[in-house]
Amino acid sequence: MLDHASGRIDITRLREALDGRWAEVRRAHREHLDERFLPVYGETGDQARERITRLLSELPVELGIASGFPAEYGGRGDVGASIVATEMLAQVDLSLMVKAGVQWGLFGGAVAALGTKRHHDAYLRDIVAGRLFGCFAMTETGHGSDVQQLRTTCTYDPQTQTFDLHTPHEAARKDYIGNAARDGRMAVVFAQLVTGGHRHGVHAWLVPIRDEHGKPMPGVTIGDAGPKAGLLGVDNGRLSFDHVRVPRDMLLDRYAQVAEDGTYASPIENDSRRFFTMLGTLVRGRVSVGGAASAATKSALAIAVRYGDIRRQFADADGEREVLLNDYLAHQRKLLPALATTYALTFAQAELVAALDEIQGGDGPVDEHRQRELESRAAGLKAAQTWHATRTIQICREACGGAGYLSENRLPSLKADTDVFTTFEGDNTVLLQLVAKGLLTGYRDEFGSLDGWGRASFVAEQVREMVLERTAARALIARLVSAVPGRDDEVAVTDRGWQLKLFEDREEHLLDSAVRRLRGGASTKKDRPFDIFNDVQDHVLAVAAAHIDRVTLEAFVAGIDATADPAVKELLSRVCDLYALTVIEANKGWLLEHGRLTPARSKTITSVVNGLLKELRPDMRTLVDGFAIPDAWLHAAILREEPARQDTMAAHDAAGDPQAVPA
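For the sequence shown, the positions run 1 to 663 when UniProt numbering is used.
Treat the hints with care, since some could be wrong.
Derived SDA-like pairs: lysine to any residue, alpha-carbon spacing no greater than 20 Å straight-line [stated by the list, open to error]:
1) Lys501 <-> Arg474
2) Lys501 <-> Ser482
3) Lys603 <-> Glu615
4) Lys525 <-> His539
5) Lys588 <-> Trp498
Label pairs and their computed distance ranges (CB to CB) [stated by the list, open to error]:
6) His169 <-> Asp261: 29 to 37 Å
7) Glu490 <-> Glu615: 19 to 27 Å
8) Glu398 <-> Gly226: 23 to 31 Å
9) Glu58 <-> Gly401: 33 to 41 Å
10) Asp34 <-> Arg516: 57 to 65 Å
11) Asp505 <-> Asp121: 52 to 60 Å
12) Thr263 <-> Arg21: 42 to 50 Å
13) Gly42 <-> Gly520: 54 to 62 Å
14) Glu615 <-> Glu58: 41 to 49 Å
The set of hints was computed from the structure by calculation and includes no laboratory data.
No experiment lies behind these values; they were computed from the predicted model shown.
The beta-carbon is built from N, C-alpha and C at its ideal position, and this holds for glycine as well.
Work out the full structure: start from the sequences and follow the hints.
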């Protein structure tokens, strides 16, 4: 329990609120991943690759890294657990997390989601057990985010009953492919399916790329992607195919089949809808990347906050003692809002993983509308989490001064390893466009939420209205919003209903004005559909950002409501205030321009934020301790200077004995 006089809180209860539904998965990782799995500073790329490949085979079975696969193939049928396991690996070593994600998330996940029983029976057991290493070969040198326009072709020949897989030019080369440069034996290859002289869009095949001796298969050219800024342990490579013969039954044919005579059949007639249905089944990778980015952010914040409690700089007014970094308002301004946003995104991620588990974890048919909402939410949160990681890890590096630049203090590797997260599993700017279009019902009904930007066949007049998607806590949110008095100046800026209403109003206004601009463009640029969208692209991105801000706040509010411990709930409520008000503060310009804030109220918000920073200063260490990251995992030399502090996490897990810890 929190006692403001003594400054004590039950860390166990805080940790439980953050660990959520899959707490056992998190506990297993904390117990079983020891120093062997930590990054090695200063190793070469070859050394890192060898180490990570070896560690992949040594991951304890208790972790359930491949738990999302069906039990008959060695998994547990628990989709949510597999996502959380990926997040926990990210706190230990991001190269290990990405390598595991390629093997079991992308490669294995594609075989499971796009293949049928014969593929599962033939390959899944070996994939799950780590006996068959594979790649996910989608991205091309000339086409990254625009997957629908891939240039690799796979043409069926009824005479030989095989497909001819071919890379027509260098821009069609598969690039940045994890597991390709060294370890992959097979690849799920995405290409344009051609049969009977007709193209049927992008499909996927399971293709051997190396023989049993590790040599490239005939017609397969394998290269190394070259030195990278980070993720040294991941063997990214390049693949090209020179008329490689692929047996007909290696087409992953859950959504489309090619008969012996070349006849094409699919339960989904529309090529575009079929393609996005196929990609929608692979949304787990995007959810995993967002969660991993947040995990890395937590590690960076834990290092910076703990260092700020031991590092002193400049004397106080009496000149008797130097001041702790964390006591400076400017330092609090760096770390506490980032910490509050990390908490908010933690609850948003938990809600997303629960939705993913519910929608894709069963054996029955997937609800198409809920699947679209899931894809949109996953796209937006991935963008928010990875951009937040990039900003926050840099802030933490600066907050640790020169020490933060030393490899031995972990922050440089966290910064380098997560930087690419903003562009893989979907470029963030493209993803935000997808989120916005998912909110425009005309566009969504016509193409689904993941269509290419500015298709010529789309008429802008089809954008009829906006959709304000509700989160899982809709009843709670509606109750809080409805309780807000009519006049803003009568409501405290810490009133939760007022905050929610302002976030909702901002999103609605941006959406409505985007629709009006699109309609206006359609009346003057009817024959130039690209210009119609391109002229409002900045507006559309603002719509998506406002949407993600709103659903993140609502998830945080729902998480607080579900927290049983009153003291933890009170602490989380103050952190939520800080998150909401710093988002409002960052958007003051728009809110003032559109009459949502008066100048006086705008000044009040800054004053209240500064007050919250001072109020939360004693809880900074408590808040990062709530992440329950084992000391060894932080792997930062600067924390060796800390005064002795009881490490309660292991004791709590072992004995289940809640113990109050000084904040």
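Here is what the structure says about each hint:
1. For the proposed pair Lys501 and Arg474, the alpha carbon gap of about 13 Å is at most 20 Å, so the pair holds.
2. Proposed proximity of Lys501 and Ser482 is supported: the alpha carbons are some 9 Å apart, at most 20 Å.
3. As the CA atoms of Lys603 and Glu615 are separated by approximately 19 Å, the hinted pair is consistent with the 20 Å bound.
4. Pair hint Lys525 plus His539 holds up; C-alpha atoms about 18 Å apart against a cutoff of 20 Å.
5. The hinted pair formed by Lys588 and Trp498 meets the criterion: a straight-line CA distance of about 15 Å does not exceed 20 Å.
6. With their beta carbons about 30 Å apart, His169 and Asp261 fall inside the hinted range of 29 to 37 Å.
7. Roughly 23 Å separates the CB atoms of Glu490 and Glu615, a value that falls within the hinted 19 to 27 Å.
8. Here the CB-CB span from Glu398 to Gly226 is close to 30 Å, well matched to the stated 23 to 31 Å.
9. A beta carbon spacing of about 36 Å between Glu58 and Gly401 agrees with the range 33 to 41 Å that was offered as a hint.
10. Range check, Asp34 to Arg516: Cβ separation about 58 Å, and the 57 to 65 Å hint holds.
11. At roughly 54 Å, the beta-carbon separation of Asp505 and Asp121 lies within the given 52 to 60 Å, and the hint holds.
12. The hinted window of 42 to 50 Å between Thr263 and Arg21 holds, with their beta carbons roughly 46 Å apart.
13. About 58 Å separates the C-beta atoms of Gly42 and Gly520, a value consistent with the hinted range of 54 to 62 Å.
14. For the hinted restraint 41 to 49 Å between Glu615 and Glu58, the CB-CB distance of approximately 46 Å keeps it satisfied.
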